[in-house]
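Undergrad: Sequence:
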Amino acid sequence: MQAHLVVAAQARRADRTVSPSCHRRSRAASGAAGALVATLAFGSAPAAAADARAASASARAASARAASAQPARPAAPARPPAPSRGPGPRSAGTPRVPVPSAPATLGTFIELRDDYITRGSRGFYNAAVIRGDYAVGGILSLRADVPLAYAGGALGERDAGLGDILVRPLVRAVGTPRFALVLGSDLVLDSATSRALGAGKNQIGPLVQAFVRVSGAARLGIQLQHVASFGGDPRRDDIQASVIRPFAVVALPRGFWVQPDQSFQINHLGAPRVVSTSVLEVGTELSDRVQVYVDPGIQVGSHGAVDWLVTGAVRWAFPQRHRARELAAARE
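Using this note's numbering, the first residue of the sequence shown is number 1, and each one after it goes up by one.
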């Protein structure tokens, strides 16, 4: 889910939320499913029976999916040029990293996502994003986002090509049944093939994500990040921004989840000084390894501009060996 942000996602959604582990779906009653999701979101005790193992696997998958769906829209234009210079990038800053947010157990998956955001009278920005996450041991992961972007300006200008590529390493520093802490950083490369498709600057954005289980089926999380630019086009404005992103993940019966996601970006250079992005993600599990989600939202700048955004995505997960053994045991 990570719109016009200086760095990609959150984060979906953003990421959170780094990836689903895609275990067998559990059709247990909603009460039992909700309790298991929260208990197992950051690692559970071994199940004593086959049904318990199946529910555990499904709960972990739901938790990881919800957290990872985020916050992460591709890097979008950072600052608008003068009207006579074409569509150019916006100053709305960083995408909803989406982020997506990382669960305590990281995973391996491939995701195809489409991000769309309006620019009011200035046109629109759309990116088809190929995302890949590769996890090692469930505590380390490396993410890459490659956006193929298409932008339109108020005067009918059109630009299409490669956007800014994002790379995100993550490490799970703490993981307990009730609390998890994930550390990492975004590296955004100035790879856009035209001015309107990127920020024009390389960017580094260290981040920290914390998760707390508050009830049987719900978790609260927060992501803090600071983004700074370096190199790139000397004619483009430098970027210095801080992002505060609180969110919640609620697992529902039958493989569904919802994730309300709010971020505040504070721009230390230029305007708008503050950008608020509100997103509500809804997703479901289609099979053991396939999930889909959609997250509409609204972005409001302190200068009064309002933009609408929406992301839709499908994800294929590849369980690691230890999770594959767990899934096989659950099916016995």
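Since the hints were derived computationally from the structure, they do not count as laboratory data.
Since the model is a prediction, treat every value here as computed from it, not as a measurement.
Ideal Cβ placement from N, Cα and C applies to all residues, glycine included.
Just to be clear, a hint being listed does not mean it is correct.
Claimed, not checked - Each pair of labels, with its calculated beta carbon distance range: (1) 296 - 134: 25 to 33 Å; (2) 306 - 220: 26 to 34 Å; (3) 224 - 157: 31 to 39 Å; (4) 270 - 210: 42 to 50 Å; (5) 231 - 312: 31 to 39 Å; (6) 286 - 154: 37 to 45 Å; (7) 120 - 240: 21 to 29 Å; (8) 268 - 167: 17 to 25 Å; (9) 208 - 306: 26 to 34 Å; (10) 294 - 142: 39 to 47 Å.
Undergrad: Now, for every hint given, state plainly whether the structure supports it.
TA: To see whether the hints hold, each was checked on the structure:
1. Judged by the Cβ atoms, the range 25 to 33 Å given for residue 296 and residue 134 holds: they are separated by roughly 29 Å.
2. Taking 26 to 34 Å as the suggested C-beta distance range, the pair residue 306 and residue 220 conforms, at roughly 27 Å.
3. Checked against the hint of 31 to 39 Å, the C-beta distance between residue 224 and residue 157 comes to roughly 37 Å, which is consistent with it.
4. Distance hint check: the CB atoms of residue 270 and residue 210 are about 29 Å apart, inconsistent with the given range 42 to 50 Å.
5. Separation of residue 231 from residue 312 is about 33 Å and conforms to the stated range, judged on CB atoms against 31 to 39 Å.
6. Checked against the hint of 37 to 45 Å, the C-beta distance between residue 286 and residue 154 comes to roughly 39 Å, which is consistent with it.
7. Between residue 120 and residue 240 the beta carbon distance is about 25 Å. The supplied range of 21 to 29 Å therefore holds.
8. In this structure, residue 268 and residue 167 meet the distance hint of 17 to 25 Å, their C-beta atoms being roughly 24 Å apart.
9. In this structure, residue 208 and residue 306 meet the distance hint of 26 to 34 Å, their C-beta atoms being roughly 30 Å apart.
10. At roughly 26 Å, the beta-carbon separation of residue 294 and residue 142 lies outside the given 39 to 47 Å, and the hint is violated.
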